[in-house]
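Asks: As a plain string of letters, each chain reads:
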Amino acid sequence: MSLYQLSKLLFLINRDEELQGRFKSDPKTAITVFHLTEEERRAVLEPDIGLLYVLGVNGQILMHFAAFSGIEWADYLQRMRDGIKRYGPVRAGVYAMLSDPNERVAGV
Amino acid sequence: MPLVFAGVCSHAPGITGRSERADPKLREPFYAAFSSMGEALRASRPDALLIVAAEHFANFFMNNMPAYAVGMADSYDGPIEDPAWLGIPRRVVRGTPDLSRRLITEIQKSVDVTYAEEWRLDHGIMVPLHFLDPQNSLPLIPVNINCQGPPLTPLNRVWAFGEALRRAADKVPQRIALVGTGGISHWPATPDSGMINEAWDREFLNRWARQDVDAMLAYSDEEIYRDAGQGGFEIRTFIAAAAAARGTGEVHFYAPIPIFAVGCTVATLEIR
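Protein chains in written order, with our numbering: chain A, 608 to 715; chain B, 57 to 328.
The shape of chain B in the complex, shown without the other chains (with noise of 0.2 Å):
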């Protein structure tokens, strides 16, 4: 059936990570919008949640890198980094290897997919689940897009990918909440963190909640890494997710948050 819920948000490790060194006039308003996504979330009784993520070298490499990747194992476990460090204990999450194994049979009709019985979660799907899976209630189908190691996957056939993800969930009859999560510009893990560039952000979230397509497929991944930073190149999260989508984008909270290293951006689509 068509999906259920479709959104997107931040995933910055210091969000969990560096909470303490936030200030609250910013950080609460954050988390509070990030939890009441989890509830809408919630709410719309999904059979499993979809993350389409950008990870940080917790399970692919350069050494055979995918473009996309879905995952298909009975379960999750992460983080791999340190829990101390992130602020998010181990959890073991229950994966739908039935369920994944029916949608990348319909993703591989138009798009190349990898697909992974193996597959451990960094911050890039922790610190999203943290917040709005706190219970550790839902099936996880994990979902990448190679963000990290270029070369990365062009822009519209991100586009394509989000279509496929969308044709794949219309063709089961379980009900899927899927979640796009990435930064919009960053400069993370260097010294430059914290470093945002919001006129940046806010211009790509308007073409986004828009749903104007040729604007949010216009960037080069030139142009990203010169306005964005390296971490601008998770755009592809939130073009998939509208992708998927199709319907208007609702901006719930944006703000530079400088300690988390990112715009943090909570966001819901309408499903048409």
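For reference, chain A alone in the conformation it holds in the complex (with noise of 0.2 Å):
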């Protein structure tokens, strides 16, 4: 569990237009200063959503991380609670999720 790392990751990422750059082109080598675990290495190399989410990555960082890999919004919620189903509540942080997963507040 490095949380820290993990969330430290991906703050750089949505800030920093370089490391933007090379996480795009060689992803596994852009991560590596970044003590992670396998775990948390393969959630953001896929990139999986949804266990970032459950892993407890403040939804501000993870929103702004999914909009950079592309994610339209409702394929973003989708993607959490898909991954609520799968791995079970949010595990850190002040972003649990309080909805069914089934619901869809917004519409979406």
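These aren't lab readings, by the way, just hints derived from the structure by calculation. Since the structure is predicted, the reported quantities are computational estimates derived from the model, not experimental observations. Every residue gets a Cβ at the ideal spot worked out from N, C-alpha and C, and that includes glycine. Some clues are possibly wrong.
Not close to chain B: a few residues of chain A, all C-beta gaps over 10 Å, as computed [unchecked claim]: (1) L626; (2) G628; (3) R629; (4) S632; (5) K635; (6) T636; (7) T644; (8) R648; (9) R649; (10) E653; (11) D655; (12) D682; (13) R693; (14) G695.
Looking from chain B toward chain A, a few residues come up when the C-beta cut is under 8 Å (computed) [said to hold, decoys possible]: (15) M118; (16) I136; (17) W141; (18) P206; (19) I315.
With the hints as a guide, bring the two chains together.
Replies: Laid out in structure tokens, this is it:
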């Protein structure tokens, strides 16, 4: 469990164009300096938005990372719901899910 | 001189990024109120626009998280997000470093504020700028209150920070417009996005508009998280604006717009 490292990696990708370029061209190398578990590494590289959400990445960091990854809004929300169904409740942080995984709170 | 304008507004990224998915009957009056606030702001002939925001990890992170930060850069650029996703093109906004420095020096007499000569803008400031300064004409002083990475600064300290902003503005000759921007209740960036506690919002706005300081500062973070979500922590920006303006507030627009993920708010404050 290295949620801090995982979050920091995504924070940097979200705001640093140079790292964005390296992450797009050679993602495995770009993230080597971060001390991630195998599960976290896989979640970033895939990217598995649902798993990142369940691991406790702050929603604001995750939302920006999903946008960077080209994931459309409704798809982003659905990936988090699917993550809850697959991996269980959010494990850390202040972005736990309150609604039912089958609910569409804002209609999307 | 005293502030020339004070107000608060929402800044959720869906306001611009998911514009076409909103009911026009809600969206258009909200946009109109937002733009009217911009007209009133510009009519006050400010020399600089100070925005008290609650950023979302555009600059500050848990390696070194300031409770309060003020920008002191030559310029600021944003959005950090994909412009197509946010629906706002990239812009470079002029800074006013000498004025920032004077304000920071004054604020520091009562509040230990972080200053930053590098600062990138996320939706928290870009959405307000999009409506309030569409021509990118005003120099910016970005201000941040940490509302994202707990532990968060207590509300009574936020009030003192707002008072310090006002004291600093009063000490300089420039005309400063101040805007606080945050959500009231909301659960953003998760599948709960769109949940809005309208009753809680209206109660908070009522306390805020009548300048009921004790009632505004009475919320604990536990209560806010329970009743208003993690997004509710951003009431800090509204509270700082109220402390800076000292006068009562007028809510020009409030309506929950779920696809925008927040109770959309436009309000101004009397400056006393």
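Asks: Okay, which hints does this one fail, numbers in order?
Replies: none
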